[in-house]
Amino acid sequence: MEPLLEVRNLTVRFPTDDGLLTAVDDLSFELFPGETLGIVGESGSGKSVTSMAILGLLPKYARIQGSIRFRGEELVGRVDQEMRNLRGRHIAMIFQDALASLNPVHRVGAQITEAIAVHAPELSDTAVRTRGLELLNLVGIPNPVDRYDQYPHEYSGGMRQRAMIAMSIANEPEVLIADEPTTALDVTIQAQVMEVIARIQQRTNSSMMLITHDLGVVAGAADRILVMYAGRQVETGLVDEVFYRPAHPYTRGLLASLPRLDRRREGQRLERIAGQPPSLLHLPAGCAFTPRCRYADASGMCGNRRPELHEVSATHSSSCHFADSLDSRADAS
Amino acid sequence: MTAVIEDPIVTSAKPRSQWLLFRRRFVRHIAAMIGLGTLTLLVVVCFAADLWVFYDPKLTSILEAGEGPSMAHWFGTDDNGRDYLTRIAYAGQLSLRIGFAVAFISTFVGASLGSIAGWFGGWVDELITRVVDLFLIVPAIVFLAVIGRKISEAEAFLWWDLGDEFLFYTIDRDTPIIFALAMFGWMQVARVTRAQVLSLKEKEFVEAARAAGASSTRIIVRHILPNCVGVLMVNLTLSIAGAIVAESTLSFLGLGVQEPQTSWGKMIADAKGFIGTEKVFMLYFPGLMLLLVVLSVNFIGDGLRDAFDPRSKQE
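Line order of the protein sequences matches chains Z and F.
So in this note's numbering, the last one in the first sequence is 340, and the numbering has no gaps at all.
So in this note's numbering, the last one in the second sequence is 324, and the numbering has no gaps at all.
Note that these hints are calculated values from the structure, not bench results.
Do not take every clue at face value.
Calculated lysine-lysine pairs in the BS3-like style (CA-CA distance at most 25 angstroms, straight line) [what the hints assert, rightly or not]:
| no. | chain 1 | residue 1 | chain 2 | residue 2 |
| --- | --- | --- | --- | --- |
| 1 | F | Lys67 | F | Lys288 |
| 2 | Z | Lys67 | F | Lys210 |
| 3 | F | Lys281 | F | Lys67 |
| 4 | Z | Lys67 | F | Lys212 |
These numbers were taken from a predicted model, which means no experiment stands behind them.
Pulled out of the complex, with its shape left as it was, chain F reads as follows:
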């Protein structure tokens, strides 16, 4: 190094937080804030259900079956006389957990495989692309139906013998559903990431980073993936919504969660017989919950994408 420049302004500077700017931009995104508020409220209400519900979610009461909303039962009761609000809360625990878990797993798997395929190219790319194609052409619903059937048949699923807990995660009967859904949820992310990486790796800043002596790993992690954040974020939010809906589809077909457990999707499925009757509200409540979550998550995704993008107009 040559002579040190004795400039007080230069030498007294302290690093400024990148996080601060990001947070400020995110907080100013009104739609995202509303989404975050709604989602947080839903999560808290559902997961703290044990603290506030007045009814046992499994307690049936023939005398109160199929009642409309009232002071005693805010959302009414289902056809077995169980408090509908209580059911919604417990169902939400399952739907939200499945939605988030599936979205994160499939985004992680998809982004990893996609960036590997795009960056290394050649036979690695060929292999991963073929696997993606394979998963895309297999009719997921058939495959999921088989898995769903297996779950409902066997209490102890093959790998489940290793116990009820793995690391900090309690293995429930819905864990196989999560993995089954993630198994068919990662391909889109992989494709999108691969395409992004393919175009990004030709950029001159990648060449410049290589000329500065950076390794492949460093270039992928520091230069390529940060440029994919926007796309990944949108995909993540979409797949949260997608996973909740996909789980509903499974439950609707009677292949997802089983009684006495329930999810929003299953509640919708159970209420499908009431379309056209005065008890159609049974369809509305879980449907409304689904709508709220999907919208909130999409708004949050919007906000995150804008906040991550340094070129966005907001300061």
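So here's chain Z without its partners, still in its complex pose:
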């Protein structure tokens, strides 16, 4: 199947006072029509920078290398004018903090229809409004007619996030980038919002990049997972493969550190990954995870040689020198 979105060797660097900061390092992945790709990683692992690069919203001083193809067309190097036609119509984004992402002085209705007003200025006010009400209805906001004319501060947290979703799907984009859509919400609302997203995705048959650091959200919603660490791709595979047969020490660490209600024992502390993520200004020559890795090789191979992507299965790959032999190494150590 032809990928809808294809990212090849994407590298994003930012010049800073202390040198060149590598936010995304040689990242490659593709997004197929109708699928949901979960991108997982901790803060600073390059998840949001990747999505901004796809939308062409990185600041001008960012240095971008590699290729981003949408429906076969190259996006890197396009001028803003061309990207603007794409944004909000073919590729749209659901932002993390809905309160901050809604303009406090405009009515919610006017904001969720902004993408329509921008891309189809010929539509009449009534047509735009009708569509806006439809959208509110679609994301499950009660009393759309009253809610349409309210301001963001009159909405509850969950409703704001729904309004954000309505805003991003206004033009039924092919690619939906959800940047931590549930981070600011409590668990009940989280589940509702994820349910709305799933419903909408099914309805519009759009592909989604679900960016999150919440493995639980990914497990429930994604088809495939891409794990990122320090701007690099660490592991990628189908959800079940990554969850049940993690082939990278970092992924293993992440999964082990999830709190489990069923295995909890008195006095037992939560598993954690020792150490700190590396500075993006001074990445290790080899695998970026080496300093924190329990499986790291004493011969210096991990610290000096950058691992290639190893195929574990046709759909599953890991960038660890010892991707195939992790279990035996764990026993040895």
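Chain Z is fixed; fit chain F onto it per the hints.
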């Protein structure tokens, strides 16, 4: 688009007026209403002076010079025997016109330059900020003094040769005063707007608007400036008051409007010699007018700011 939802409530909805809500909030602001009433009254009284005054503002009468308030002369007469109430009305025309014109011009210029500087940043910002600094460090009073001198010296000011009318605006001798005052009134607005834009452009809703495909112009006009309205409104009202006072300063120094024209500031200047005498009322009347206008405008500004802010408590 996918299936249309056949919901009668959804499809029958009509847009509601934003203006209505704004107006309702403004009308309920008591101080603003009092301010608006007072200001309207002053404006009408001053600009309709031709219809109601009993005296010629330029007619002197030595026999009646320096009289206190009486039935014939409600506000008394000045030291040339001219009716003081009449003078106040005509002076008000000038003061109000200068005040409003200066405030609007400097707010417009300041807001435009400030938002351009804040939004585009880089060398554009650097340039505009330096120009603002330059205007701020030049002692305005010296500059204005030079311009004031020029006006009083030359009947036909350089650009004035293009005629007495420009578009619908009658060019008077006070037009250069307006531009001179506006020239030194826009920097504060520019700075404040720039600061606002700098903080607003980092907001996520701007990012969200860009992600929706909005252009820079659309984002500035629809997302940034509406968020600056409160600040601009306060600045506008303050600069109306400021401009009237600044014009008084010029007139006080004898550099603003010239006889036989007069303004409230000039009347105060002319009456300064009566401090400590029983004719001090000559200072009070124009001063009171100035106070009324400045207070009214500030109250209106308060009301407008509250009415523009959708988060304000009043419904």
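Evaluated hints:
1. Lys67/F with Lys288/F: 20 angstroms, holds
2. Lys67/Z with Lys210/F: 15 angstroms, holds
3. Lys281/F with Lys67/F: Roughly 20 angstroms separates the two Cα atoms, so the pair holds.
4. Lys67/Z with Lys212/F: 18 angstroms, holds
Every hint, counting from the list given before, is met by this structure.
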